[in-house]
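Chains as they are written, first to last, in our numbering: chain U, 303 to 800; chain X, 256 to 304.
Hints should not be assumed to be uniformly reliable.
Said to hold, decoys possible - DEER-style ranges, computed between Cβ atoms:
| no. | chain 1 | residue 1 | chain 2 | residue 2 | range |
| --- | --- | --- | --- | --- | --- |
| 1 | U | R749 | X | Y301 | 47 to 53 Å |
| 2 | X | Y301 | U | V638 | 52 to 58 Å |
| 3 | U | R749 | X | A290 | 45 to 51 Å |
| 4 | U | V319 | X | Y301 | 53 to 59 Å |
| 5 | U | Q402 | X | A290 | 46 to 52 Å |
| 6 | U | I320 | X | R299 | 32 to 38 Å |
| 7 | X | L296 | U | V638 | 39 to 45 Å |
| 8 | U | R348 | X | L296 | 23 to 29 Å |
| 9 | U | G595 | X | V273 | 38 to 44 Å |
| 10 | X | V273 | U | A437 | 38 to 44 Å |
| 11 | X | L291 | U | R348 | 53 to 59 Å |
To be clear, the hints were calculated from the coordinates, so they are not data collected in a lab. Bear in mind that the values here come from a model prediction, so they are computed numbers and not experimental data. From the three backbone atoms N, C-alpha and C, an ideal C-beta is built for every residue, glycine too.
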Amino acid sequence: MNQLVDGLKWVLVAFVVIGAVPLLVANYQFLLVALHFSKLHYAKCRPWFPRTAILIPAWNEHAVIGASIDRLMKLEYPLDSLRIYVVDDASTDATPQVIQGKAAEYPGNVFHLRRDKGGEGKAATLNHGLDIILADDWMQAVLIMDADVIYEASSLRKMTRHLADPQIGSVTAYIKEGSQPGNYLTRFIGYEYITAQAAARRSQDVIGAIACLAGGAQLHSRANIETVGGRIDTGTLAEDTVTTFKTQQAGRTVVFEPHATVWAEEPGSVLGLWKQRVRWARGNVQVTGMFKGVWFRPQVNNRLGSLSFGLLWFSLLLLPVFMILASASLVTLYFVDYELAWVAFHILWLTNVITYVFITSFALLIDPATARRTWVQAVLFPGAVNVLILLAAILPGPLGWVSHELLHSAGFAMTDGWVRGIVLFTYIWLTACMGVAFLAKAAEKTRLGRFLAPACVYIGGYGPLLCAITTAAYIKEFRGAEQRWDKTEKTGKVAVPQ
Amino acid sequence: VSDPREEPAPSFEDEIRVTVRYERGLAVKALFSIALVAAVLAFRVYFFG
Numbered sequence: 303m304n305q306l307v308d309g310l311k312w313v314l315v316a317f318v319v320i321g322a323v324p325l326l327v328a329n330y331q332f333l334l335v336a337l338h339f340s341k342l343h344y345a346k347c348r349p350w351f352p353r354t355a356i357l358i359p360a361w362n363e364h365a366v367i368g369a370s371i372d373r374l375m376k377l378e379y380p381l382d383s384l385r386i387y388v389v390d391d392a393s394t395d396a397t398p399q400v401i402q403g404k405a406a407e408y409p410g411n412v413f414h415l416r417r418d419k420g421g422e423g424k425a426a427t428l429n430h431g432l433d434i435i436l437a438d439d440w441m442q443a444v445l446i447m448d449a450d451v452i453y454e455a456s457s458l459r460k461m462t463r464h465l466a467d468p469q470i471g472s473v474t475a476y477i478k479e480g481s482q483p484g485n486y487l488t489r490f491i492g493y494e495y496i497t498a499q500a501a502a503r504r505s506q507d508v509i510g511a512i513a514c515l516a517g518g519a520q521l522h523s524r525a526n527i528e529t530v531g532g533r534i535d536t537g538t539l540a541e542d543t544v545t546t547f548k549t550q551q552a553g554r555t556v557v558f559e560p561h562a563t564v565w566a567e568e569p570g571s572v573l574g575l576w577k578q579r580v581r582w583a584r585g586n587v588q589v590t591g592m593f594k595g596v597w598f599r600p601q602v603n604n605r606l607g608s609l610s611f612g613l614l615w616f617s618l619l620l621l622p623v624f625m626i627l628a629s630a631s632l633v634t635l636y637f638v639d640y641e642l643a644w645v646a647f648h649i650l651w652l653t654n655v656i657t658y659v660f661i662t663s664f665a666l667l668i669d670p671a672t673a674r675r676t677w678v679q680a681v682l683f684p685g686a687v688n689v690l691i692l693l694a695a696i697l698p699g700p701l702g703w704v705s706h707e708l709l710h711s712a713g714f715a716m717t718d719g720w721v722r723g724i725v726l727f728t729y730i731w732l733t734a735c736m737g738v739a740f741l742a743k744a745a746e747k748t749r750l751g752r753f754l755a756p757a758c759v760y761i762g763g764y765g766p767l768l769c770a771i772t773t774a775a776y777i778k779e780f781r782g783a784e785q786r787w788d789k790t791e792k793t794g795k796v797a798v799p800q
Numbered sequence: 256v257s258d259p260r261e262e263p264a265p266s267f268e269d270e271i272r273v274t275v276r277y278e279r280g281l282a283v284k285a286l287f288s289i290a291l292v293a294a295v296l297a298f299r300v301y302f303f304g
């Protein structure tokens with residue numbers, strides 16, 4: 303019996319230690335960013351201006367589409383090599399009139415493609431445009447973007463220069479959150495995009511396998527788009543990722559150009575973010591199954607099957623599972639073997655401290671301009687309570703003293719019972735912080751939502767919020783919930799900082 | 256399909272040089288962050304065991 307209990311203890315310790323794996327992988331990913339200079343593609347680049355068709359799917363985008371077209375017409379790109387095709391997905395607002403106005407303003411450069419029957423999703427809308435663009439031989443490259451995305455003047459030419467190398471199938475850019483004025487949530491997203499785009503895509507460049515071309519900025523050579531069938535996948539919620547994988551499976555290289563910057567409007571509410579990210583996370587679950595033959599199976603012509611890429615993909619996909627497993631194991635160990643639980647927690651939390659300090663400081667240095675706007679959100683990314691626990695790991699003495707004094711001033715003594723209670727709370731919080739995200743979502747609908755929702759996100763953390771959304775996406779996907787293209791509402795708040 | 260039109264871009268080399276310098280700078284920034292982690296750990300071990 304004792305052997306059984308001992309065995310169980312070590313299994314639980316193993317689960318806690320496994321909880322540190324995504325953290326180690328995150329550190330590995332950021333170390334790869336430091337090596338990005340050794341994998342740059344610029345030696346094979348040259349000034350290159352293929353005839354580029356810009357394809358914009360638009361459904362009820364009257365608030366943003368006009369400004370986006372105006373900015374595109376100011377690109378540092380020869381106008382006779384640029385055509386903008388806006389695929390109007392049976393919009394019911396003033397979108398058709400805005401596009402027609404722009405087509406009249408920029409004859410020969412802007413085209414209005416109208417779908418009379420809409421609502422079939424972004425991929426179907428893009429395919430309508432691709433059918434028309436591919437029908438003649440004018441187009442040599444196609445840029446697929448979103449209606450709200452604002453391109454910096456140099457961005458397209460910085461992307462097309464990579465296509466001078468015929469091995470390159472696709473190029474993506476650095477999408478930044480550009481809402482002006484933003485709010486607490488858009489600033490969290492701004493910081494997140496340093497880690498998820500500027501850093502993650504650089505590390506994927508080093509590995510040689512890109513997970514996803516940003517939906518708002520994906521440039522394909524004509525040869526590439528024809529090789530993947532001239533169609534965008536309509537069967538999943540992650541059509542961008544499917545195209546990215548198919549490109550690489552066909553033996554072509556996908557490049558991230560971090561110095562081509564485009565600006566997008568991201569959700570300013572927890573509900574909006576929830577809707578968008580559930581779609582993305584469900585899409586990733588679908589892609590994982592769709593490409594099940596790829597994972598951890600090295601291929602000759604692409605790096606999707608490499609160990610590094612698999613670790614990056616699954617550590618993100620399974621992060622909520624790791625968190626819940628570690629928390630549940632710690633709570634069980636707490637009752638079975640208090641001392642052993644404390645040791646296991648120390649291993650996990652030491653890894654957390656290292657990861658937090660390394661990634662936060664490095665991410666802020668990667669993009670100093672965004673860092674100036676978002677450093678508060680960067681520091682509080684794991685949530686105020688988790689930051690306090692991290693501080694307690696670094697400064698156990700002073701924080702212990704502060705806790706003691708606080709309790710004393712409230713008329714309590716720091717007894718062993720209090721200490722154990724705080725320890726148990728800490729173990730539970732690993733998972734409970736995700737629960738706070740659900741509270742944030744619920745609170746936003748109430749009259750005090752504009753105060754309660756930010757409070758919940760700051761206390762529970764933006765990172766745990768993303769984990770909670772991923773968990774919700776798993777549940778929806780495994781329940782076989784209806785697959786809908788819930789478009790993120792855009793209001794035209796994007797402004798490019800001068 | 257004719258070959259894509261090539262445009263003279265006199266600043267191309269300079270632009271690439273600046274970009275490469277920025278990317279090399281990221282390695283230095285990473286070293287700074289690693290040093291920061293080492294400092295935090297050293298502080299923790301030295302003062303609190």
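Now for the hints, and whether the structure bears them out:
Between U/R749 and X/Y301, the C-beta spacing of about 51 Å keeps the proposed range 47 to 53 Å intact. In this structure the supplied range 52 to 58 Å is violated for X/Y301 paired with U/V638, their Cβ-Cβ distance being about 34 Å. Checking the proposed 45 to 51 Å range against U/R749 and X/A290 shows it holds: the Cβ atoms sit about 49 Å from each other. Between U/V319 and X/Y301 the beta carbon distance is about 26 Å. The supplied range of 53 to 59 Å is therefore violated.
Taking the beta carbon of each, U/Q402 and X/A290 are about 58 Å apart, not inside 46 to 52 Å as hinted. For U/I320 and X/R299, the hinted distance range of 32 to 38 Å is not satisfied, since their beta carbons lie about 24 Å from each other. Hint check: X/L296 to U/V638, Cβ distance near 30 Å, so the stated range 39 to 45 Å is violated. In this structure, U/R348 and X/L296 break the distance hint of 23 to 29 Å, their C-beta atoms being roughly 46 Å apart.
Remark: the range hint 38 to 44 Å for U/G595 to X/V273 is upheld by a beta-carbon distance near 42 Å. In this structure the supplied range 38 to 44 Å holds for X/V273 paired with U/A437, their Cβ-Cβ distance being about 41 Å. Between X/L291 and U/R348 the beta carbon distance is about 39 Å. The supplied range of 53 to 59 Å is therefore violated.
Of the numbered hints given earlier, the model fails hints 2, 4, 5, 6, 7, 8, 11; all others are met.
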